[in-house]
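J.: Just so you know, the protein sequences line up as chains A, B, C and D, in that order. The first sequence finishes on residue 346 if you use this note's numbering, and the numbering steps up by one all the way, no holes. The second sequence finishes on residue 346 if you use this note's numbering, and the numbering steps up by one all the way, no holes. The third sequence finishes on residue 346 if you use this note's numbering, and the numbering steps up by one all the way, no holes. The fourth sequence finishes on residue 346 if you use this note's numbering, and the numbering steps up by one all the way, no holes.
Derived from the structure by calculation, the hints contain no laboratory data. On a predicted model such as this, the values are computed, not experimentally measured, just so you know. Be a bit skeptical, because a hint or two may be false.
Any copy will do: because identical chains look the same in the list, a pair fits if it lies in one copy or spans two.
[Stated by the list, open to error] Here are the simulated EDC-like cross-link-like pairs (lysine to aspartate or glutamate), alpha carbons at most 16 Å apart as the crow flies: (1) 49 / 285; (2) 219 / 132; (3) 49 / 62; (4) 168 / 314; (5) 43 / 59; (6) 4 / 77; (7) 42 / 62; (8) 89 / 112; (9) 168 / 247; (10) 2 / 77.
Number of protein chains: 4
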Amino acid sequence: MKKKAAVLGATGMVGQRFIKLLEEHPWFELTALAASERSAGKKYSKVAKWVLDQEMSPEVGDMAVLSMDPKAVGDIELAFSALPSDIAKGVEESFARAGITVLSNARAHRMELDVPLLNPEANADHISLIEEQRRNRGWDGVIVTNPNCTVAVLSLSLKPIYSSFGLKRVLVSTMQALSGAGYPGVAAIEILDNVIPYIESEEEKVQDEAQKILGQPMKPATFKISASCHRVQVIDGHTEAVFVETEQKAEPEEVIDVMEKFRAEPQKLKLPSAPEAPIVVKRNDYRPQPRLDRMEGRGMAVVVGRVRRDLALDGIKYVVLGHNTLRGAAGCSILNAELLTAKGYL
Amino acid sequence: MKKKAAVLGATGMVGQRFIKLLEEHPWFELTALAASERSAGKKYSKVAKWVLDQEMSPEVGDMAVLSMDPKAVGDIELAFSALPSDIAKGVEESFARAGITVLSNARAHRMELDVPLLNPEANADHISLIEEQRRNRGWDGVIVTNPNCTVAVLSLSLKPIYSSFGLKRVLVSTMQALSGAGYPGVAAIEILDNVIPYIESEEEKVQDEAQKILGQPMKPATFKISASCHRVQVIDGHTEAVFVETEQKAEPEEVIDVMEKFRAEPQKLKLPSAPEAPIVVKRNDYRPQPRLDRMEGRGMAVVVGRVRRDLALDGIKYVVLGHNTLRGAAGCSILNAELLTAKGYL
Amino acid sequence: MKKKAAVLGATGMVGQRFIKLLEEHPWFELTALAASERSAGKKYSKVAKWVLDQEMSPEVGDMAVLSMDPKAVGDIELAFSALPSDIAKGVEESFARAGITVLSNARAHRMELDVPLLNPEANADHISLIEEQRRNRGWDGVIVTNPNCTVAVLSLSLKPIYSSFGLKRVLVSTMQALSGAGYPGVAAIEILDNVIPYIESEEEKVQDEAQKILGQPMKPATFKISASCHRVQVIDGHTEAVFVETEQKAEPEEVIDVMEKFRAEPQKLKLPSAPEAPIVVKRNDYRPQPRLDRMEGRGMAVVVGRVRRDLALDGIKYVVLGHNTLRGAAGCSILNAELLTAKGYL
Amino acid sequence: MKKKAAVLGATGMVGQRFIKLLEEHPWFELTALAASERSAGKKYSKVAKWVLDQEMSPEVGDMAVLSMDPKAVGDIELAFSALPSDIAKGVEESFARAGITVLSNARAHRMELDVPLLNPEANADHISLIEEQRRNRGWDGVIVTNPNCTVAVLSLSLKPIYSSFGLKRVLVSTMQALSGAGYPGVAAIEILDNVIPYIESEEEKVQDEAQKILGQPMKPATFKISASCHRVQVIDGHTEAVFVETEQKAEPEEVIDVMEKFRAEPQKLKLPSAPEAPIVVKRNDYRPQPRLDRMEGRGMAVVVGRVRRDLALDGIKYVVLGHNTLRGAAGCSILNAELLTAKGYL
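With the rest of the complex left out, here is chain A (with noise of 0.2 Å):
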């Protein structure tokens, strides 16, 4: 029997993925799309504006959009959030106190220490929140939150090498793609033959997602880290140039074996949507490539190129491409959701 999942904010670009990827899934079943009261009401195809390569299913565009209210969807056990911030915050803790399992991309609760902003191959642990959580708040669901689409790629790339090593410094460049913007997002005329060097509040949530993620359960590492985040024209990956000082010397071919041999939970408990391989190193310099990478582990794997010697920091530094919707945002939201399953809290 599958577990019943709502979408919330199904309409968004985000939200589309979310229901691509519920729509064969084994263990969980769409049964509620739920958005803006602009929406609600209406036939799914006539409110949702597709933009997704892969066609809407005519099952899914018949559905009837229901508002954001736990009453509205009805009997549902999970709820996928893809939520705008702002509306995020009241929404998922209505339905967390509904009972139900709130599964959000969205940034609202991401930071709470009680929350856990989980990234499964980097910090399975860090699920033991929830029991705190539902201590502090008295609630019969919860709230799980995944990480920024920039750090969940950065955060499994450096997961191996913290481990192994210790991190203390990390510096990193984005070239992020355009769906992270969401619909319409970016104006192609402000991008065509350009690059746009700012994106509002990105560089704040890497470096302080980064370190809770790969810290313990309330407590954030320590390391330092600095971001700067760009906007280049590629429709989805983003790509990071990444600098790091490591606690015990490290030399390159060390970096690229702990890599390699990384498995994690979800790689253990053999989830659906686990890749084979989280992260995948490339020996051909002119790898990873966005195009070429991005549906790498069905887009769920991390591609790695370029690992080598650091002279500023006496360390190492490679690139790390990652899908910015699917390992970045629904994917590892339904991730998410088969750990908890797996793990016995579902």
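Got chain A; can you put chains B, C and D on it based on the hints?
T.: Quick look at chains B, C and D alone, frame taken from chain A:
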């Protein structure tokens, strides 16, 4: 009376930039175009695949292409070299030996100790190497080089920081324009919806040349530097994310201040190609952008934005943009020739 | 003494083009900027999202935005309208009623019989409709419109063919620039690696307006015309593939000849914005190209290439390119105002 | 038992498509890769610059590249040719003479009267030319060609119109993908923010091949046809605006109807590569779009949209899109081989 000048390697993209810059130059007169044997003896318009947005002038199109031999090129004082590095070595030496001042954009001689690597706002004093070179080599002419495009932009932005606060470490991640790869350069199907995370030899050039430029003649600077170089879908204009650890602590506003006030020898001498302000600082977070800012100072200024604290190095980070074939190539060579003229070397 | 002019709808992309063109105009002086109530009362720099590559001048940025009411705008002779069509109707009439000459880029009044739809090289004689309009409407002012961007380019290229050989049928397939959709217009994720095969109402405008422009005042031309309009990933410059069946048989060289020799009223009157040659013909098969040719004649000329026989219509086919926001919008309106001035209507 | 097949010209982009399509083919087995002497004798992975998004399989990478000589290639029944036209002529003939069935994507033999130019949904009956060719040439093998990419898409969309209503005139204006130019093909700096209005020999191919395909064996169709061909910034998928004058008047709904109902020999025979519906009609005005629709029917269907009345020809106009290296090249060749197999020619 204008000084007569040749362009060596006149058919390529940088050669075309030289031609355009010389066409209306107040001090220099384009009298000869030289290229490989394949092209020699033919009309320029027949052998050059013109790629600039500005048109080729009919006068230039009618010029006969000459062999790359000082005798063939005839009576000139200056030769601007846009040759590929492997050919540049011998050809440039033969012109210098023949008494000609060679202004070279090629990599071949840049790192030789007695060859000035001149980015004139950053190190006009390196011009003194000319005497050293003549002593060493016994030539009547001389070879003066300009930096790699990425370094030209970077080192100019670093100069006032280095002078005012000292430099301990520099990390730079680039988003480089397609014109940097010449013509045909990058294939359209490789870069559309994509980023290419590698540019051959580029990171080494950035590291070595930055230390030479910001050092003293024959004595490179000793700050640590690391680069990660990437190609993005932009026609002209390299965007660089720079992270800096200074010797003395510097606040963002102090850095902005020294950048905005920065003027150097080319400004003092009012050289024709010198931009009024070599560094323009934008306070709008969404700038600099290559399409909007690359022509600042007729392509000879660099534009800096997003100057802010860096939490990993306890330093400063910023984004700098410059035109890679003007400030970063042909324009810099011309400015070097102007400096030599004003200083009596020509 | 320059004539005082306002821009209505000053914050959008065409409004910005008007501002730039008026800033240094020898005959007109920009004295008022009007926009929607949301913007009125604020500084222009605070409400306009500036999207042109050329910078907004500080003087313009400091201007207060006014309401779109003739009284608020004060003492002006001319109003250039870049309003959306639904708003344009009422606002433009109120200005005309108040004695002001309205030069409109909006669609609202274009097809009204007594309103000149002026593309001055093609139909300067339609200016006579001004008297007709005043008679009909009893206004002191007048409304003069310029064509849709696609038609402006097309009809200019057709004019000498029509005059010399007559026209039976015209088929046109367009590859239109993104700026034609205004700002934000097309989302980047929609057009990257893509073509959009539909532009709402565009084909009807092309068909109707071409016949009106090339006809006599109040009597549209009767050639048959069909358009297929598509959006491609180009910032500025509409490229149009044109297939023509003429009344009298015409060879490609004859068509080239009449195009190259074509000069019209704006050239005879030496209007400030008139290009020297309104149609520039290229004989290189790879031209015209939007990036290389859109600024021909400061964006006011159209560039024709590939004039050749057409086997299906036993006629002629060619490709024409023109700048859609200069010749195809703001520039054409300004040229219309210049024509009215030279002809004593202002 | 699968039939053994070679790919001639295996290193180029179409060669790579052949390899991918053969890797999992139910009827054919890839046993040999042949390329120019420069590559012969080396491992495929060492000489092929792989450009597809799907990875090269390790088995293929390890294959030795052979000379383009029937003896070197050994025991095969089929040779798929992705050779450049000038080389194709002789090489393909030598394979046919050696008893091998050559399925050629090259232009060399397409217009020869006794060579089938097969687009199997459009003209499966042309297969009868095989006997004619063998009679004429005395070969044991045979050469069967598939059309130019643009024509493959166009002629498939025209077929049901031609059958039901007849064709008097066809005008087509194309927006062609970059992959049609092979690798490296178009330089990135040439096409960014641009359209290139010319593709050498393309218009002639469209015109000649369409008449041959839609005609009877040895007797081309006589409708008039004219093409204007342009390159746009799209990776895969040619978009074509088609204007049609039919013999018998046809309403748009009738055209849609015959297109949607259209099924042909490959569908009846259930050939492995045949799309279920060869023509998919979209009623959303914003479709077809290359990025969304090019993989319809695994790249073997064409997608039609915007079927509407044409006012200039008193006919019909529509937009058709197809994948230029699948339906328009390698996929069509494979489908041809399947047709020959099913019909007993192999």
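J.: Determine for every hint whether it applies to the structure shown.
T.: Results of checking the hints against the structure:
For the identical chains of this complex, residue 49 and residue 285 are inter-copy neighbours only, at 14 Å across copies versus 39 Å inside a copy, given an alpha-carbon limit of 16 Å. For a Cα distance limit of 16 Å, the shortest separation of residue 219 from residue 132 inside one copy, 14 Å, qualifies, whereas the shortest one across copies, 60 Å, does not. In this homomeric assembly, residue 49 and residue 62 come within 16 Å of each other (Cα to Cα) only inside a single copy, at 14 Å, whereas the closest approach across copies is 39 Å. Taking the shortest alpha-carbon separations for residue 168 and residue 314, both the intra-copy value of 11 Å and the inter-copy value of 13 Å come in at or below 16 Å.
For the homomeric pair residue 43 and residue 59, the shortest alpha-carbon distance inside one copy (11 Å) is at most 16 Å, but the shortest distance between copies (49 Å) is not. For the identical chains of this complex, residue 4 and residue 77 are intra-copy neighbours only, at 6 Å inside a copy versus 54 Å across copies, given an alpha-carbon limit of 16 Å. Taking the closest pair of Cα atoms, residue 42 and residue 62 come within 16 Å of each other only inside a single copy of the chain (9 Å); across copies the shortest separation is 46 Å, beyond that limit. In this homomeric assembly, residue 89 and residue 112 come within 16 Å of each other (Cα to Cα) only inside a single copy, at 11 Å, whereas the closest approach across copies is 53 Å.
For a Cα distance limit of 16 Å, the shortest separation of residue 168 from residue 247 inside one copy, 6 Å, qualifies, whereas the shortest one across copies, 20 Å, does not. In this assembly of identical chains, the alpha carbons of residue 2 and residue 77 lie at most 16 Å apart only when taken from the same copy (10 Å versus 51 Å across copies).
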